[in-house]
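Colleague: Now for the letters of each chain:
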Amino acid sequence: MSDSIYSGPNPTAQNTVKVPDLGEPEPLSGDQIPPDPLLESGWFIDANQKADAETATQTNREPEQEMPATAETTTTIAPETAVPLEVTPISQRRPGRPVEELEERPNWLPEDWKIEVRVRTSGATAGHADRYFISPSGQRFRSKVEVLRFLETGSKRKKNLKSDADATPSESPSNNKKKKSKPNIRNFSDLKFDFKNPPQGLTWVQEDDCPDAWVPIADNIIIPESKKIEWGSVFSRVTQLDRSNGAS
Amino acid sequence: MQSSHLKPLVTLSGTAKNSAVGPPLGLVDIGVNDSAYLIRVALPGVRANKNQLKCNIQLNGRVHIEGVITESQFVRNSSKVFEMKVQQLCPPGPFTISFNLPGPVDPRLCSLSFRAGGILEVVVLKFRIPHLSSEGWFEKWYDCWSLP
Chain H
168 MSDSIYSGPN PTAQNTVKVP DLGEPEPLSG DQIPPDPLLE SGWFIDANQK
218 ADAETATQTN REPEQEMPAT AETTTTIAPE TAVPLEVTPI SQRRPGRPVE
268 ELEERPNWLP EDWKIEVRVR TSGATAGHAD RYFISPSGQR FRSKVEVLRF
318 LETGSKRKKN LKSDADATPS ESPSNNKKKK SKPNIRNFSD LKFDFKNPPQ
368 GLTWVQEDDC PDAWVPIADN IIIPESKKIE WGSVFSRVTQ LDRSNGAS
Chain B
-17 MQSSHLKPLV TLSGTAKNSA VGPPLGLVDI GVNDSAYLIR VALPGVRANK
33 NQLKCNIQLN GRVHIEGVIT ESQFVRNSSK VFEMKVQQLC PPGPFTISFN
83 LPGPVDPRLC SLSFRAGGIL EVVVLKFRIP HLSSEGWFEK WYDCWSLP
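Heads up: the sequence lines are chains H and B, in that order. Just so you know, we're using this note's numbering here: the first sequence kicks off at 168 and counts up by one. Just so you know, we're using this note's numbering here: the second sequence kicks off at -17 and counts up by one.
Please note: incorrect hints may appear among the correct ones.
[Said to hold, decoys possible] Covered by chain B, per the in silico footprint, the following chain H stretches (three or more residues, Cβ under 8 Å): (1) 292 to 298; (2) 302 to 308; (3) 351 to 359; (4) 396 to 407.
FYI, nobody ran anything at the bench for these hints, they're computed from the structure. The beta carbon of each residue, even a glycine, is placed where N, CA and C say it ideally should be.
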């Protein structure tokens, strides 16, 4: 036998390669698809709009949100003010949010914005009414959060669902914060403290009746308050640093 | 060997020396962690009067605590003199308590507290030098067991 036979893929390895093909549609399990930030609770991508993969994702997540108990009875309520959308038959609506209610103008919405209510036509949640907010320039938003974010930052998130799914927006800001605050203690470049040359000795004298007021004295000379404060901040910084080191 | 290293000899002088019986002055606890030593010293009868309690901390880990045991306020505030029939507490007067910490410390980096319970607590950081990256970020500590 030559070495090359041994180093080649063995039968078992080939078998395992095939397994994914035999396996069923695992890829859509909840773990593998991060929650879509654009699709918040109760929102739905219209099945008519062809994006099959996303629809599948959505129906997958839907059960945990709200699903009409029965999606069969078909009454027709045409949302009159609904702007450029297909008039759709709806099935049983979620009692809490009738179309009329959704059409009411929330007080946080600027005057020049429009509201659009769409009713889902198919899928397990057919009949569910979705509300959109249309900016004066025609951009469509799905939630109050998105609108307010847009009003605050002036930018809208890219519509690219895939890249959005990769980076959940609610996470990234807090991550940045963490990264910012953690290195702060570790950044010693602003410290002028001379770690290498402590004094041979110091006498700390209790200053008043206050249990924690102590004055450092070196060679019978009182150390200036500013030094004492600097030492105190180094002390707490190092203590904090060691605590965070111990935790990790 | 190690335990004797961790339990330093405590030297008492002044009135602290006389309190062999009873709730003694100068009982010491010393704790240690990665970064610091914790010292707790029992100082019953020591009042936190201004400039009366002193704690001298040396780079080599030597600690001296100096203070004064005050007289009973009943003696102080009246002309009466009491002849002591039983005396287990430290008699009034100055005292010192001295001991060594297990390693060198930075005398600047300490926090002291003497509260009503009569326990003096001191946390003093070990003498360590931080190793920094070229941009000034902390990477690790170098323990300084040998003094410069």
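Colleague: Sort out which numbered hints this structure fails and list those numbers smallest first.
Modeller: 1 and 2
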